[in-house]
Structure formats: structure tokens, C-alpha cells
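Listed in order, the protein sequences are those of chains A and B. Start counting the first sequence at -6; every next residue gets the next number (the numbering used here). Start counting the second sequence at -6; every next residue gets the next number (the numbering used here).
To be clear, the hints were calculated from the coordinates, so they are not data collected in a lab. Keep in mind that the hints are not guaranteed to be accurate.
Where chains are identical, the list cannot tell them apart; a pair therefore holds if satisfied intra-copy or between any two copies.
[To be verified] Simulated crosslink set (PhoX-like; lysine-lysine; CA at most 25 Å straight-line):
1) K106 to K134
2) K22 to K145
3) K66 to K134
4) K135 to K108
5) K134 to K108
6) K240 to K23
7) K145 to K23
8) K358 to K23
9) K135 to K106
10) K13 to K106
11) K22 to K342
12) K66 to K145
13) K66 to K240
14) K358 to K66
15) K128 to K178
16) K66 to K218
17) K358 to K145
18) K66 to K135
19) K145 to K351
20) K342 to K23
21) K261 to K134
22) K178 to K240
23) K135 to K145
2 protein chains.
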Amino acid sequence: MSNFKLPPSLSIHGNEKIAKDILSRIWGKKGVFTCTVANTLTSTIPGISDAGDTPELTLFTPAADAELLVLGKTVCMKGIPINPGGIPTPATLTQAALEISNMPFFIVNGGCKVKPNLPCIEMGGEYGNYVTSGKAVSNVKKVFENGVILGKMLAHGHDFVVISESCAGGTTTALAVLMAMGIIKENLVSSSSPNNPRELKTKTVMEGLKAAGIGIGDLANDPLKAIGCVGDPMMPANIGIIIGAAKHVPVIVGGGTQMAAVIAAAVKIDPSIVGNIFQGTTRWLMGDPNSNMAKIMDSISPDIPIVYVNMDYSSSPYEGLQAYEWGYIKEGVGCGGSSVAAIIQSSGKVTCDELLEKVHEIYKKIMNFD
Amino acid sequence: MSNFKLPPSLSIHGNEKIAKDILSRIWGKKGVFTCTVANTLTSTIPGISDAGDTPELTLFTPAADAELLVLGKTVCMKGIPINPGGIPTPATLTQAALEISNMPFFIVNGGCKVKPNLPCIEMGGEYGNYVTSGKAVSNVKKVFENGVILGKMLAHGHDFVVISESCAGGTTTALAVLMAMGIIKENLVSSSSPNNPRELKTKTVMEGLKAAGIGIGDLANDPLKAIGCVGDPMMPANIGIIIGAAKHVPVIVGGGTQMAAVIAAAVKIDPSIVGNIFQGTTRWLMGDPNSNMAKIMDSISPDIPIVYVNMDYSSSPYEGLQAYEWGYIKEGVGCGGSSVAAIIQSSGKVTCDELLEKVHEIYKKIMNFD
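Next comes chain A alone, as it looks inside the complex (with noise of 0.2 Å):
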């Protein structure tokens, strides 16, 4: 719609018609959020992955996560899910989010090995083994037909379908999958640090192919096969709901270059969906210099349009969410995806700031502050 009028609190990168098209179906409609949890071994290979305080917690991050946005709290562990540094997960944006916007929402249960204590909608996976066995998911049909079937059933009754992830060790099997599939050929991906330890996990990514006995770019074609031998279990599932969904109503993909093996997955196996969705992600993600999201998403589609949130915390008077302006942690939990849904339900009238504010109430509650 040439008339439709951005706030200053989104901007975006690709395909600004497509972009611009679909936002101006959606503004102002009402939208549900999904979360999909899912664990893998990946994750608690030293060095891989940031999300969780040690390589064995990061294996309670998905479960933690979950339980932060339903319960306000979490019951698997002890504390928030933190980086190292002691920074807050990126869940208390997508609770700010939600909680302004008073969307509905539902946890996804991709395949956890800690499962968060709560109802999750079940999708009959089962935790990922490490990628360097090349054997990483099991069941990857039947969780990717149940996705198509709670995609339809999720775009019933709700104009626009916004998915996520929290799965530790991700950006790790993003990248196998992408280079299974020869979208990229090299290491585009993101971290949750900004010392993005990228040697280590292209030598992780190259061993799983190996062992797989797959070079890169030989399953381009069999995107189910790729993730079964490399990726993770919260793909199948997001794969099948964004295509069960988008054939009835815009789906939002919220996340970072995580999501993008996803994307390119399920624009594979049905084109049909291109026009209909686009990625919801964070100002943080899009400026990484250790990553190229912009890059990985031209090797996919040229229309497959980026609309990001302009959050910024540098004003934060605590250290933790500052930090976020440093490099550390960029996306995650949908943070990015439910900004932008809380944005376009309410016509635009939320605003970053106001964002923030409900992002330090959620901290300091967290926290124990004042």
C-alpha cells in the first residue's frame, strides 16, 4: 500500500513493497504468539553457545524462558536465564511486549530435555542429539506435519501468526542447515556474545556434516533431511506452523539468523508462502558486525522483507540491559517478533520508549530491585 506511514519505532530492510503490503493488512488486527522450546546437545559443547550461565545450564534456558513469560517467573531453575556477564535474557522484552499488547500466547514444546512446568502445546519431538553425531533430530516429519496442522489451526480466528524460538546451541545448527542446504557457504550467523566464537563453530558445523557424510549444498533440495542430520528440533516445528499458517494469514518469524535456516526451510518445501511473511527482529541483530542476517536473508529470497524494532538501551540506568548496546545477545524469545506485533496491533501508537518502561518494571520485579 503506497500510503501506509511507518513509525519511527520499525524500519526495514529487504523488499519494502512486500513488507509494506503485508503491515498495512495487519495494522491494527489482532495477531497470537508461539514460543517454540526445544533443546540440543549442541548446546552444552564448551564455547558454543552464551545462553545460559554454563555450557550445562544453557540446556534450562528454553525451559527457563518459557516459564518467565507464562509464570513471571521460573520454576526449572534458580534466577533468570543469564549470558555469562550476568545479562538478562532477552524473554523480558517479549513479556514487555506481550503483556502492552495483551496478545495471546502459547508455548510451542519443539523437543526439550527440561520441560518448562507449564501447558505446553506438544508436538511429539524429542530433544536434539550434538550435531557433530550428524544424526541430530529424530521424528523430523511427524513434528514438521504437526506444525502444518497447529499453523492452520493458529491462523483460525487470529489475523496474523507471530512464531519464535528460545533453543540454545541454534545459531550453531542454523548454520549446518544453511550449509547443508548451500544457502551460505560461509559463517553469517550470529552469537549471543559479541565474541561470536565463529572457528569453533564452523569446525562444530563442518565435523556434523561429516559425520553426516554430506558436503555443503547437497541436501538444498530435502530441507527435512538437513535438519535431521544437523539442526535442531525447534526447526521442524516452526517450519510447519509458519506454512500451515501463511497460507491463511501473515506470519511474523520473530527471531534472529537462528530463524533464517527456518525460513529458508520452509520457503523450500512451499514457495507459495513468500508474499505472506516476513521476519520481525531487533535494531541490535540488524547492526551486528559479526554477523550479516541482511546477507543470509538476499541468499534466500528477495522477498522475504526484515522489519526490525528500534529498541535501544542505552539510556537503561541498569548495566544489564546497557549491555544489550554492546553487542551482547540481540534477539531471542521472539523479543524482536512480539515488539513488532505489539507495534502493529496497536497502529503504531506504542512506542520503544513506552516498550522499555514495561521492560524496567519486569526487570526491577525480576530482580528483586527498589
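Chain A is fixed; fit chain B onto it per the hints.
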């Protein structure tokens, strides 16, 4: 609200003031529908349940009902759930109401032996044992607590919540729980057959109470224990959902006498929900000469009204549907609650004729008529 006008498609029993207050608060608003599926081996006791062509098939009925709602066809069995006479499941009416209203809906797995082939919200329950064992349901407290969490989640972003059930054998377990709680001292529950096997049900229930070592009214103050002894796994999930949701938004308890046990338990555990819940059911159930919903409800609380939909299948060209007028089926799968909700969402514009027309469309498609 004194100037609230009930459309001819709906009638009220009980406290009209409370009913109209709730209706006026949600009139034209957007709800969410859930159906909790569960199994109890009680349904396989010959003669107890007609919700299936044979005693064994009664275990497939909940899963098949769920599949019908979500997929529009059954996967776990051939054909659709029918009574021995070939009368189709009330899920056909639920489907019609959900389609017309475009209301979002989810299947909740309270505890199934035969699971639906689709993504369910998982409550951590197991399928139920024979009521005659006196140890009918395991994990009651955990499922109840998950229900409370889910109820709160469903209240987020929806103006009201509709709950329902598909659990064959459920009127027998309802009778058992209502007697253990001392709500009724005689058999007033319904049956999906016009020949309600009241003596068999009473005998079965008395056997269960004896096995559990409890007399009538002994568990008046411990409904969750009553369920553990002689209930079914649908109950703790739905009791939790009511309590979790009704603190925030109105709840419509869709169903017949089976749901009376759920209502009785919920009100005993949290009396503060009174004034924010009503039962949503059908004219068929209210007019049943072999049960007495009105009397049961009066014993539970004078302030929980019944709102029922005046569906009438007597003009239907299909015998399977006409049979509803002869005392078959009456309720189930939230057919009454979803119909009431569809009328509410449309501010009364949806009529019984429109619902019937849609039922015909669905019925013809399922039966491969034309």
C-alpha cells in the same frame, strides 16, 4: 444489565440477573474455545457408555472428536464417532459453531489412552482407570495446577473462555464425584442414550465409592481427592482452567451433566468465581426427561446460571440428526457451549437456523452424501 435483550436462539435457566450481567459484558466480544479430551476405562464397562459404536470404540471417541474439529476428518479410526444407532457425534455442531464464529480453539489432553493425531496442549495427565477401582485418576494435583496456569494464559488476550470435554463414560464418573461430594444423593446425570442405564451407573458408582472406602458426602471438602478416587482425567484439567481464567474473564462451561462435577469442584475450591461463570448447553440437555441438570445446578449454587441454545433438528432431512430430538446424544464436545459462544460473538446475529445449515454442510461432507 437491565436493558440486555436475549435473542430467541438462547434461553436462560437459573439466576437470570447474573446470566445477563455476564452476557452483556461479553456480547460481541472475542472468546477462545478449548475441548479437553480424556479417557477413562470406565467407558469400556459394557452398557455404561453409548459414546461409541462398541464399548472398545468409546476409547477412540475423544481422539476422533478432536481430529474432526481440527482436521475435519478422523485419523485414529475409520468413520466418525457414532452412537450404536449410527447417530453422529455432537462435534458436528461444535465444528459448525467454530466455523461460523471463526473462534480460535485448542485441544487439551487431560489424559488419553488413544491420543489425537494433532498438536494438543499437554497437561501431564494419564488416562483414567475403572471407576470401580476406587483409584480412578493419577496426578490430579499436577494436572489441576497446570489447568490453573492454562486458564490464566487463555484469559490473556481473550474476552472470554469456553471450556468443554470429550470423555466417554464421563457421566458415570461425574455421578461418582457428585455423590462423593454429597452434591446429589440420587442419580440425576444424563446419558447419550434415550434409555439412560441409571441402575447400572448407580451400581458402578457405588462399587467405586466402596473400593475407595468413602461414603456419600465424605469428600464434600476435598473434590480433588474425590476425583482421584472416582473421577476422570478430564476433570482436574477443566477445573483448573475455570479457576485460572474466571479470575480475569468470564468462563462458559460447555457441556451437560458431566460438567456439573467440574463446576461443583471448581466452586468448592474457589467460590470467588461465582458471578463470572455460567454453563453453556443445549435445549436437548435441558429437556431430557431422564436427567435433571437444573436440579443438580441448584444443588451446587443458585448463582451459576445455565444459558442454552435452542437448536432443533426436527426439520433436518437426516435421520441421524433428527435422532437428537428423540433423546439421543444431547450434548458433548462443547456443542452447546460453542453454539452459545458463536451467538455471543456475533452479538446475537448468528441464529439456530444458520448453525443448522452449517451442520448439514459438515454432515454431508463427512458422510459423503450428494
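When Cα atoms must be at most 25 Å apart, do K261 and K134 count as within-copy, between-copy, both, or neither? within (15 Å within a copy, 45 Å between copies)
Treating 25 Å as the Cα threshold, decide for K66 and K134: within, between, both or neither. Answer is between; shortest inter-copy Cα gap is 20 Å, intra-copy 34 Å.
Is it within a copy, between copies, both, or neither that the alpha carbon of K22 lies no farther than 25 Å from that of K342? both (13 Å within a copy, 22 Å between copies)
How do K145 and K351 come out at 25 Å by Cα distance, when the copy is not named: within, between, both, or neither? Close across copies (20 Å), not inside one copy (32 Å); limit 25 Å.
Within, between, both or neither: how does the pair K106, K134 come out at a Cα-Cα threshold of 25 Å? Classified as both; 20 Å inside a copy, 23 Å across copies.
Could you place K66 and K145 in one of the four classes (within, between, both, neither) given a Cα distance threshold of 25 Å? between (31 Å within a copy, 15 Å between copies)
Within, between, both or neither: how does the pair K358, K145 come out at a Cα-Cα threshold of 25 Å? between (37 Å within a copy, 20 Å between copies)
I want to check one pair: K145 and K23. Are their C-alpha atoms no more than 25 Å apart within a copy, between two copies, both, or neither? Both ways: K145 and K23 sit 16 Å apart in one copy and 19 Å across, limit 25 Å.
Alpha-carbon proximity context of K22 and K145, limit 25 Å: both (18 Å within a copy, 22 Å between copies)
Should K358 paired with K23 be assigned to within, between, both, or neither, using CA atoms and 25 Å as the limit? neither (28 Å within a copy, 31 Å between copies)
Measure nothing new, just compare the shortest in-copy and cross-copy C-alpha distances for K128 and K178 to 25 Å and report within, between, both or neither. Classified as within; 21 Å inside a copy, 60 Å across copies.
At 25 Å max between alpha carbons, let me know whether K135 reaches K108 within a copy, between copies, both or neither. Classified as both; 20 Å inside a copy, 14 Å across copies.
Of the numbered hints listed earlier, those contradicted by the structure are 8, 10, 16, 22.
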